[in-house]
Amino acid sequence: MVDFLNAIVALLNYVIVPATSYGAQLALGALGVTLIYGILRFSNFAHGDTMAFGTAITILVTWLFQSWGIGFGPLPTALLALPFGIAVTALLLLGTDRMVYRFYRRQKAAPVILVIVSMGVMFIMNGLVRFVIGVQEQNFADGARFVITATQFRNLTGLDEGLAVRTSTVITVVTAVIVVAALFWFLNKTRSGKSMRAFSDNEDLALLSGINPERVVMITWLLVAALATTAGVLYGLDKSFKPFTYYQLLLPIFASAVVGGLGNPVGAILGGFVVAFSEVTFTYAWKKVLTYLLPASLAPDSLVQLLSTDYKFAVSFAILVVVLLFKPTGLLKGKSV
Amino acid sequence: MKKLPPVALFGIVGLAFILVGLLQSWTLAITILNDGLIVAIMALGVNMQWGYAGLFNIGVAGFFALGGLAVALVSQPVDPAAWAAGTPRILMALVFGAAVIWAGVQTYNRMAAGRLRTLAMLVLLVGGFFLFRAIYDSAANAVEALTPAATGNIGGLGLPVVLSWLVGGLLAAVAAWGVAKTALGLRSDYLAIATLGIGQILIAVMKNEDWLDRGVKNITNVGRWPVPYEVDLQQNAAFIARAKAWGMDPQTLSTIWVGLCFTALFTVVLLVLLVLMELALKSPWGRMMRAIRDNEIAAEAMGKDVKRRHLQIFVLGSAVIGVAGAMFVMLHGLLAPTSYDDPLRYTFLIWAMVILGGSGNNWGSVLGALIIMLMWDEAEGMGQFLASHLDMLPSVISGNAAVSKWVVDNAVYTRLPVIGLVLLLVLRFSPRGLIPEK
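Here the protein sequences come in this chain order: A and B. Heads up, the first sequence is in the numbering used here, so the first residue is 134 and it goes up one at a time. Heads up, the second sequence is in the numbering used here, so the first residue is 833 and it goes up one at a time.
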């Protein structure tokens, strides 16, 4: 029985808790990608860099607050700085839309052209982030590091295995739940949200019923700024911030959005967790858990790791390819333009 | 705006290279030119897929890396110790893995849909995976354990490195066939992201399978016959005498000479490919491709097998990218699998070249490649250049140590927004590129 509990705790500590927080971060990122796909009808390659930009601004504001001696108690100061990061990112995205994307929208350019345009935006933002904050790794998490440490947990329960819960994990999950709830409330209950969904479902019909497309697009970019910055800051608090890492984060985020079905917000969340959990379960060494669960004679001597951790991103893409083979528009039905 | 004729555009680019040679150094100009010729070949491959057929492939880096892998497999000396330790078992495991996948596909296609099929697939694939790992792991570990500091991989065939150009193309073609078979049925952005994903998987394999190409430990000394080594030239009496006669330092002359040898080789490859591709484009096959690109449904109604043609051009284009990958590794004498893990440099930059030059036009792709490579490589040395010319900058920058350090440190990153801006301006004001398709 004790062995069984130990196995459960080890599983929680090494697989379920990390995958949940990573999944929440991916889900927030994928929601941004999927909203753009639903409303503006293209895959935004600049999304990873948007996240990096929002996080960079938030970090700068955090440093400013810290220099003023403003803190947030046990919580990281970055949460106080987050609204400012969102606001600046929103300005950047609205400016980009005004100067770049609007032209093609009016021309009714083919979606693939917009994808290539977003590559250009990606190059520019990629450079911009490096100018703003440099290429080095930045740690900006402050406040309490753990809600409960492994040792505390062991003393508390008397088990051999410890369960460490980091503050950043709790913050990630709580924030993600709040953000997702607010987003769905907005999309389902408010007038603007309903007009967005109408526009996404059928553009012509929405235009006929008097929905102002420019307004819908503006709201979309505002939501995307909030989602991308929040996702980026949460990821940075959990791990650390580095422009190149964020740029690469685009890959699992795309995988999440596509696995769930592009343009489908519920799908984006599902996709985020599918990708995160498969990355962690495929690359976790199951030896410890199995040793607790199996009788001593059957205990494995190898690591029982399906794939080496270096294949993390490869796993998310393998999942993507497999899902697409059987469901060409994602798990929950996505759009295809 | 009236467009300049292509000859004038190429003339301007040539002039830019000459200016680099005169103002900076000829070594730099030749280095950039060689890199430019290689990316020009990559751009030709992308142009085949996108410009001829409208296929959105953003897994370019993966095929490019595979070409590089070919260099290691062809040119590295045969390693009998590795053969004794486990190479045959690794190959066996790979064949077995392929057989499992083939059996999986057959089961899926031949059995009626239902629980029984799902169960059969599951048993086959999961069982196959563990069996594969059982054969593969011990063999791979055995090979990796052999003198890991020097080799620790299966070695190669010990053949001249030039052959690897063909093998690189072949490897990329085989991989592309697999990608096409799985992904070409997908629509719009789903296809693009699937190619991106598969490209990244190829790179992940090259990074992590040490038995194959030493992974992060890199492979050096890949050989470069028929091009001579600088060190050999510098010890060659006739060469030193010639350098003296021309009033040049033997070291500088050897670098330039070696660079020019590569330039000559690469130019021949580029021209051969260009001629072949131009001929193909003007043939009935090329017309059919463009017809398919412009209206798939109409082409299908005319009895063209759209799926087959897409598969064909995807494989051909990727093979061209693979050839470029092999040339790249031969030029730099180094296979560094980790370096490919940057889609910005190895995929999106190539796309920027094709768009700038003019999608669908081969000469345009070459021109775009040379221009973008010039910008990209020139920015590399910008920081250093600014650091040594600080006094030429306005006093706002040069007067303040912190500001001038920031400017010097960040100079290299200006290439990112500049290339982004070029791409956006071309798309907006001249969407058909510098040399539009006829």
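Everything labelled a hint here was simulated from the structure, so no lab data went into it. All C-beta atoms in this analysis are idealised placements derived from N, C-alpha and C, irrespective of residue type, glycine included. Do not take every clue at face value.
[Claimed, not checked] Straight-line distance between alpha carbons at most 20 Å, and here's what the computed SDA-like set of lysine to any residue pairs gives:
id, chain 1, residue 1, chain 2, residue 2
1, A, K375, B, K835
2, A, K466, B, A1112
3, A, K445, B, P1263
4, A, K375, B, V1244
5, A, K460, B, P1263
6, A, K327, A, L355
7, B, K1013, B, D1174
8, A, K420, A, V437
9, A, K460, B, P909
10, B, K1270, B, A1112
11, A, K241, A, K468
12, A, K420, B, R965
13, B, K1049, A, S441
14, B, K1013, A, F459
15, A, K460, B, G960
16, A, K372, A, V307
17, B, K1049, B, V1244
18, B, K1049, A, Y444
19, A, K421, A, F286
20, A, K445, B, A1112
21, B, K835, B, P1263
22, A, K420, A, L439
23, A, K241, B, P1263
24, A, K327, A, V307
25, A, K322, A, M351
26, A, K375, B, A1243
27, A, K420, A, F406
28, A, K460, B, T939
29, A, K445, B, A1243
30, A, K445, A, M351
31, B, K1013, B, V1090
32, A, K445, B, D1174
[Claimed, not checked] Just a sample of chain B residues kept apart from chain A, beta carbon distances all over 12 Å, derived:
id, residue
33, V845
34, L851
35, Y940
36, V1011
37, A1036
38, V1101
39, L1105
40, V1254
Consistency of the hints with the structure:
For the proposed pair A/K375 and B/K835, the alpha carbon gap of about 42 Å is over 20 Å, so the pair is violated. Of the pairs offered as hints, the one joining A/K466 and B/A1112 is violated, with about 40 Å between alpha carbons and a cut-off of 20 Å exceeded. Proposed proximity of A/K445 and B/P1263 is contradicted: the alpha carbons are some 38 Å apart, above 20 Å. Taking the CA atoms of A/K375 and B/V1244, the gap is near 18 Å; set against the 20 Å cutoff, the hint holds.
The hinted pair formed by A/K460 and B/P1263 fails the criterion: a straight-line CA distance of about 34 Å is larger than 20 Å. Distance check on the hinted pair: A/K327 and A/L355 sit about 16 Å apart at the alpha-carbon level, within 20 Å; holds. Between B/K1013 and B/D1174, the direct Cα distance comes to roughly 25 Å. Violation of the 20 Å bound is thereby established for this hinted pair. A distance of roughly 5 Å separates the Cα atoms of A/K420 and A/V437; the hinted pair therefore holds under the 20 Å criterion.
As the CA atoms of A/K460 and B/P909 are separated by approximately 46 Å, the hinted pair breaks the 20 Å bound. Pair hint B/K1270 plus B/A1112 holds up; C-alpha atoms about 14 Å apart against a cutoff of 20 Å. Simply put, A/K241 and A/K468 have alpha-carbon atoms about 18 Å apart, close enough for the 20 Å limit, and the pair holds. For the given pair, A/K420 sits about 16 Å from B/R965 by alpha-carbon distance, which is consistent with the 20 Å threshold.
Restraint check for B/K1049 and A/S441: the C-alpha separation of about 17 Å stays at or below 20 Å, so the hint holds. Among the hinted pairs, B/K1013 with A/F459 is consistent with the structure: their alpha-carbon atoms are about 14 Å apart, no more than 20 Å. Distance restraint check for A/K460 and B/G960: the Cα-Cα separation of roughly 24 Å exceeds the 20 Å cut-off, and the hinted pair is therefore not satisfied. Proximity of A/K372 to A/V307 is assessed by CA-CA distance (about 17 Å); at most 20 Å being required, the pair is judged to hold.
About 27 Å separates the Cα atoms of B/K1049 and B/V1244, which puts this hinted pair outside 20 Å; it is violated. In summary, the hint linking B/K1049 to A/Y444 is supported, as the alpha carbons are separated by about 17 Å, within the 20 Å threshold. Pair hint A/K421 plus A/F286 holds up; C-alpha atoms about 18 Å apart against a cutoff of 20 Å. Pair hint A/K445 plus B/A1112 does not hold up; C-alpha atoms about 41 Å apart against a cutoff of 20 Å.
Among the hinted pairs, B/K835 with B/P1263 is consistent with the structure: their alpha-carbon atoms are about 13 Å apart, no more than 20 Å. Proposed proximity of A/K420 and A/L439 is supported: the alpha carbons are some 11 Å apart, at most 20 Å. Only pairs whose Cα atoms come within 20 Å are accepted, and A/K241 paired with B/P1263 is accepted, the gap being roughly 14 Å. The hinted pair formed by A/K327 and A/V307 fails the criterion: a straight-line CA distance of about 26 Å is larger than 20 Å.
A threshold of 20 Å between alpha carbons decides the hint, and for A/K322 with A/M351 the separation of about 18 Å falls inside it, so the pair holds. Of the supplied pair hints, the one linking A/K375 and B/A1243 holds, its CA atoms being roughly 19 Å apart against a limit of 20 Å. Using a Cα cut-off of 20 Å, the hinted pair A/K420 and A/F406 is violated, with the two alpha carbons roughly 24 Å apart. With a C-alpha separation of about 18 Å, the suggested pair A/K460 and B/T939 falls inside the 20 Å cut-off, and the hint holds.
Our distance criterion of 20 Å between C-alpha atoms is broken by A/K445 and B/A1243, whose separation comes to about 33 Å. A distance of roughly 35 Å separates the Cα atoms of A/K445 and A/M351; the hinted pair therefore is violated under the 20 Å criterion. Among the hinted pairs, B/K1013 with B/V1090 is inconsistent with the structure: their alpha-carbon atoms are about 42 Å apart, more than 20 Å. The hinted pair formed by A/K445 and B/D1174 meets the criterion: a straight-line CA distance of about 16 Å does not exceed 20 Å.
A cut-off of 12 Å between C-beta atoms confirms that B/V845 is not in contact with chain A; the least separation is 21 Å. The non-interface label for B/L851 is consistent with chain A: the shortest C-beta to C-beta separation is roughly 25 Å, beyond 12 Å. With a least beta-carbon separation of about 9 Å from chain A, B/Y940 fails to lie farther than 12 Å from that chain, contradicting its non-interface assignment. The claim that B/V1011 is not at the interface with chain A is violated, since a C-beta of that chain comes within 12 Å of its own (minimum 9 Å).
Not every CB of chain A is more than 12 Å from the CB of B/A1036 (nearest about 4 Å), against its label as outside the interface. At roughly 28 Å from the closest C-beta of chain A, the C-beta of B/V1101 stays outside 12 Å, upholding its exclusion from the interface. Non-interface status of B/L1105 relative to chain A is upheld: no Cβ of that chain comes within 12 Å, the nearest being about 24 Å off. Against the 12 Å criterion, B/V1254 falls within the reach of chain A, whose nearest CB is about 8 Å from its own CB.
When held up to the earlier numbered hints, the structure conflicts with 1, 2, 3, 5, 7, 9, 15, 17, 20, 24, 27, 29, 30, 31, 35, 36, 37 and 40 and fits the remainder.
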